[in-house]
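> One letter stands for each residue in the lines below.
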Amino acid sequence: MLSRVAESLFWMSRYFERAENTARFLDVNFNLLLDLNKITHIENPNYWVALILVTSDRDRFNNLYSEYSAHSVTDYLVFNKNNPNSIISCIGLARENARSIIESISSEMWEQVNNLYHYLQNITPQFVHNDPYSFYKEIKNASHLFQGITDNTFSHNEGWDFIQIAKYLERSDNIARLIDVKYHMLLSEAQSQPEIVEGSEDIIQWMAVLKSCSALEAFRKVYLSKIDPDNILRFLILDRTFPRSINFSVCAAEDALWRISGSSRHRYVNNADRLIGKIEAELSYTAMEDIYAKGLHTYLEDLEQRLVKVGEQVHLTYFAYHTPDIESSDIAEALPFTGVAGGRANWSQAQQHQQQQ
Amino acid sequence: MSRFFERYEADPSHFFDEVIAPDGIPRSHYDKLLHRFGQFSIDDVKARREVVNIFFRNQGITFTVYGEEEGVERIFPFDLIPRVVPAHEWQTIEKGLVQRITAINEFLYDIYHTQKILKDKIIPPELILGSQHFRREFVGVTPPLGIYIHVTGSDIIRDKEGNYLVLEDNLRTPSGVSYMLQNRQAMKRAFPVLFDKYKIRPIENYPQELLRTLQEISPNSRREPNVVVLTPGIYNSAYFEHSFLARQMGVELTEGKDLVVNDNKVYTRTTRGLERVDVIYRRVDDAFLDPLVFRPDSKLGVAGLVNAYRKGNVTLANAIGTGVADDKVIYSFVPAIIKYYLGEDPILQNVPTWLASNPSDLKYILENLGSLVVKAANESGGYGMLIGPESTIEQQESFAEMIVANPRNYIAQPTISLSRHPSFYNDTELYGCHIDLRPYVLYGKTVTIVPGGLTRVALKRGSLVVNSSQGGGSKDTWVVDE
Chain A
1 MLSRVAESLF WMSRYFERAE NTARFLDVNF NLLLDLNKIT HIENPNYWVA LILVTSDRDR
61 FNNLYSEYSA HSVTDYLVFN KNNPNSIISC IGLARENARS IIESISSEMW EQVNNLYHYL
121 QNITPQFVHN DPYSFYKEIK NASHLFQGIT DNTFSHNEGW DFIQIAKYLE RSDNIARLID
181 VKYHMLLSEA QSQPEIVEGS EDIIQWMAVL KSCSALEAFR KVYLSKIDPD NILRFLILDR
241 TFPRSINFSV CAAEDALWRI SGSSRHRYVN NADRLIGKIE AELSYTAMED IYAKGLHTYL
301 EDLEQRLVKV GEQVHLTYFA YHTPDIESSD IAEALPFTGV AGGRANWSQA QQHQQQQ
Chain B
1001 MSRFFERYEA DPSHFFDEVI APDGIPRSHY DKLLHRFGQF SIDDVKARRE VVNIFFRNQG
1061 ITFTVYGEEE GVERIFPFDL IPRVVPAHEW QTIEKGLVQR ITAINEFLYD IYHTQKILKD
1121 KIIPPELILG SQHFRREFVG VTPPLGIYIH VTGSDIIRDK EGNYLVLEDN LRTPSGVSYM
1181 LQNRQAMKRA FPVLFDKYKI RPIENYPQEL LRTLQEISPN SRREPNVVVL TPGIYNSAYF
1241 EHSFLARQMG VELTEGKDLV VNDNKVYTRT TRGLERVDVI YRRVDDAFLD PLVFRPDSKL
1301 GVAGLVNAYR KGNVTLANAI GTGVADDKVI YSFVPAIIKY YLGEDPILQN VPTWLASNPS
1361 DLKYILENLG SLVVKAANES GGYGMLIGPE STIEQQESFA EMIVANPRNY IAQPTISLSR
1421 HPSFYNDTEL YGCHIDLRPY VLYGKTVTIV PGGLTRVALK RGSLVVNSSQ GGGSKDTWVV
1481 DE
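Residue numbers (my numbering), protein chains in the order written: chain A, 1 to 357; chain B, 1001 to 1482.
Next up, chain B with everything else stripped away, as it sits in the complex (with noise of 0.2 Å):
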């Protein structure tokens, strides 16, 4: 064992640890991982963190901390140690990961179809109808390929036991794909000869797969679609991330400004007059694209552009509605979602929710806010949430008014003790963070997953939140053949 890991606490009463057993011996897979961090005093620590910290700056991978004059753009925390998932773990995820997808897919297409589960009574109808992202102006609308969900990103957590849960399907916009490449290449450039001692499997293709999937999803196939990326602007907290995913595909990165419908189909506005627009993936919310048919104030939207999306003359990805599935009180229906349409049993299981409009459920919530995870069905990036243990009565009293007044809106999921893994902590000493991992989903013709995804790291101490608007860092995810 190394100098750092020597005085590293596990905590297995209370955690699963990713590196070390509960009998106090590290994982197999850890092994070569640990005797090179063993060779490395903190100065080697810290030098190896300067070469990261120049990349990062270097490459503008900055995020924009809002409401601050000076210094408005921090670096993304990054810790140096890599989580190492080994491939028959992978394979879980990925075969959980697809199979989740795809019958969330087929469940999307027959809500703004037939409606066929809800008929059959799976799911209660006000639950989907009454949904802020339902979209009943799309209902009878076919996207190319009857796909909706052409980019997801699954957040996955570990329990107490090590098994692997789905928290949340981000189906709508999900962001932080260029860091897990930019964590790549920080690490390269950090642990040359670690690299060479382990068989980690690529993901540096991410890009290609993902323009390869617009592309299949073009509605004219007749010549080589145009695809571009629709961008909120240089002002919103990911405009990194479309920046980066636009140069690497090589196609343009637009504004709603650089965009006009004409006759119902989408050009961008150029030097050199008009060019016609096939496929958009869109960073910009359903409720921006176009002022009007959804928020007439939103200046980030084109005007026209929904109608052009009907009459299939352009795709979005992903397509406009699938914020019904995301919604969290819908994701406690995905087992039984996958049952429906696929006949077989999640590979990857739920975190146990309950449903505030569920009578017993919300007698149960109100009973337990101090123990349980209570979060507004709609909210994304940690916000609209109340971390049972960690608030004060005033804070559920609060959330439990709201919870009353607007029940179809909360849902309550026991605290889980995502699972830790040592992380440095001022580059001196290592302390157990809690994890979790955010693989991408594409899907095209087929569905495709890069190996590896974003391993989120609540870098504060004892913090259970890892998303970046709430201080949380990330690190570089290995999916490593034995």
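So that you can see chain A by itself, here it is in the shape it has in the complex (with noise of 0.2 Å):
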């Protein structure tokens, strides 16, 4: 398969499932300050500000709105266009790359992309205001109906495959990151007037955690109504049934990495294999202990670094394939926040627009 369509396929399904979890993460925010609506109001600037912290761009969001809001997160997280990591843009940028690769993939996977774009052109910020919920349901219904016509219409070889690397790495990524948002909430209250914290508003918050992975009743099923801290993240960290926990979707990424260079336990053939595999034996063999005693946020933080670098190996070893002009520290500068499409808009376009007869 050509190079660069490998590298679109990747990116494709990578935006795709980056909106999904974008939508998820405001989604358990608006659930979350309803069912803390006692003690606290739904424009706690310290509930949002944590989004923003965990997408990773601060300063970006500060050159654009005053203040964190209900309004102005909802607004930079969906609709701003200068946000690369926006619903928006995401979508935008999934179907930017299934564009470019329309001849390569099945032609329902186009029209979903292209569906789920020009819906989202239609949506009015009142519209998400007035009803999040739906809104937010429809994106996540619209990325699982895209994975479920991807499984479905579209032949499982190796394209497929580099569609599964970077959804898994992507939704490892996020689900490091929607665990840290706890994280920055706790510490943004302790930098701020922290307001009475109940014991049950703790075990609220993580239940929004496991809400917005979709994974309250799949807990259940393991831990019974056992909800605590200890559980939830050993669930959503090391779980290897769950499919939106860490461990599944290492897995699944290592799976279609070593399905692509025929690679098996003990025998990588490329840095992307050795490294993945790595960080899933790691996994394997962790216990909570291990975990706390490296502290959780720096856990958190030192895996989304190492699945960076998974990804800058699988551009090298794939994508940019005898182009020695690109080098490997532009690479680790552009991954994982901007993608291929984004970085192509300017590229040449003035020369693709010469006259056709």
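Rather than coming from a laboratory, the hints here were simulated on the basis of the structure.
This structure is a prediction, so every number in the text was calculated from the model and none was measured.
Among the hints, a few may not be true.
Per label pair, the in silico range of CB-to-CB distance [what the hints assert, rightly or not]: (1) Gly-1384/B / Ile-123/A: 40 to 46 Å; (2) Asn-141/A / Gly-1146/B: 34 to 40 Å; (3) Ser-1463/B / Asn-115/A: 30 to 36 Å; (4) Asn-115/A / Asp-1044/B: 24 to 30 Å; (5) Glu-1224/B / Ser-155/A: 50 to 56 Å; (6) Asn-115/A / Pro-1352/B: 48 to 54 Å; (7) Glu-1009/B / Asn-115/A: 47 to 53 Å; (8) Ser-134/A / Arg-1461/B: 53 to 59 Å; (9) Gly-1250/B / Ile-204/A: 50 to 56 Å; (10) Asn-270/A / Arg-1408/B: 54 to 60 Å; (11) Asn-141/A / His-1014/B: 54 to 60 Å; (12) Gln-1091/B / Ile-123/A: 53 to 59 Å; (13) Tyr-285/A / Gly-1250/B: 42 to 48 Å.
Pulled a few chain A residues facing chain B out of the computed Cβ check, cut under 10 Å [as the list claims (entries may be wrong)]: (14) Met-1; (15) Ser-3; (16) Ala-6; (17) Ile-102; (18) Ser-104; (19) Trp-110; (20) Glu-111; (21) Asn-114; (22) Asn-115; (23) Leu-316; (24) Tyr-318; (25) Phe-319.
Note that beta-carbon positions come from the ideal geometry of N, C-alpha and C, so glycine has one too.
From these two lone chains plus the hints, build me the complex, please.
This is how it looks when you write it as structure tokens:
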């Protein structure tokens, strides 16, 4: 398969997954604040700043908005085209990537990403404000539909594997960030005047994290109603069977990488395989005590960095083939929050506009 | 007559009308169509319009409007009333095009080899050797089977008497064939009953015919030819078509950076390493193909491609240098070219053309700017054109200056009253819009033309320009057996 096609499949999938996860971040925050409305109010900036912190572009936000509120954060994460990670930007970029390989994907896949794009063009901030639940549900469902369509209309060969790698790398990164939201909330509460934190509030916050991974029901089946932070973290980080846990996602990414290269356990053929194998092996033998010993926040940050490295190696191994002009330092900076199409937008557009007879 | 057609005015004293004969009676091959549309209310038409719009939008059939941030993609305007071409008329078009394309190919071969036609003084040598599309580097290079113009799309119009005339031969990278195919799909969805009533010749095999043609010109007969399509990229206005054709043929769509030349052989960069390429259906202009040979600033091309081509390791379709016969000045010699190489009279006539490089013609052109259409010899897409009757004095004066400064670059033709075809205006009434026809001609071991083509419509009231870049639309074209 053409390297460029593989790369566009990768980014199409990655942006779609990112849009879904952003919708989850926002949805859970609304839910959380509604659950907590007895002790706080929906505009409590501590809850909104956390969302900006986990998407790690606070500076860009501060350049555009003066306060952290439901309105400004929603606008930034859903509609703002200057934010390359807003839902509207992600779907635009997913579609742009899909469009550049429209002959390689199934027409059903194209129709789905194209439909969502057109749907978003007609959505107003007012609509989201009035009915956030329906809007985020729509995005999540559109993403699920896209994955289902992909699984059922697109051959499960190399191209499909690149889609899986992108999806699961993005997802494991996002779960780590989502868990980290909780950390940031506690942090920002400690910095400002802390409100009275009751024991039940803590549990409600953790339940919200589970909900945002659609994990509450699956969690209950394993741990019954013992909703304590320890079990929740174990479930979201280390569970090997739940599709929105980090361990599951890393395993799935590893499987896809190995199918492409023909690697197997103890025998890797490239650095991408080696790095993902290392993460997977460590997760398999990690206990919660190891994570606490390192500190949850540090552990998650470290994991995110290592996932970035995997993405970088995928790029060097499969996409940058025979293009020595791309330096690895550029790529490290470009990942994970910018994509190919974003960078390509200015690329020789003028020449492409040449006349057609 | 249906309610839509009752109020339709054909204006036969000025234009040839495709549907209504001068006596006011519909032409017989339109009877069934008129009858069917007669059963429709305005709401029926709107409902079908919606079906068609959704089809085009879902397929991503849009074209790009440059220079706008929002909604840069628009649906290509499509008219619901199909054009019907009876089989006997199609036979003339088909024969005429085969003759014309065969002769032009012989001409190109001659120009890039012995140049007999110049020595015999049929065409003044300076017109060829001074043409900006003449590639002297390729004199003596013979493409496989001696074929230069594998894919062409001649524009055909009808004059006031209904004669089919060739307006221009697009011999470089003609576009629009995907619209021909998709228009048919859209019509099948919206008007299934009507299809049942006509014996419409199918065009759906075009992609297979194109692939067969491209495979036939492979330089390497020992293995299954690896064919790729080369596009300028997703920001090109015809990108949809490039990807559509690649998908329909089941071949890779490549951009310049997907290709690499090593030891005069062309390869694609893949996730598994390099793969050899035999035939490139390129939709990139000559000038951008290879930064080492043509424009050094080209980011769309492949360094070393031209040498690989010259060595005969890869075939380009169309060949490099076909633009020399595409030139609107050379166009005026096509009847002579047909006579010279084939010894036949042209079946399809040219539009009368005056050459500014010819002193007596120049005088005539300058004196009659207000009634002529002046065209730059090497532009396409409706750019660089003066339509005399619609122009202002200032425009005429500025054109006159340009013509005098560079007479080789201009030709003039009488303002032809393109034939008109009833087309929907706001889906509520019919209006006579000017149309042309672009059939697509494939040239491999044989010349193949799928029965049909793209009928372009000037949907702006009274406009003569059918190019999509200038607000034109299209309609489905049915070649029907009577």
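> Can you give the numbers of the hints that this structure goes against, from lowest to highest?
2, 5, 7, 8, 23
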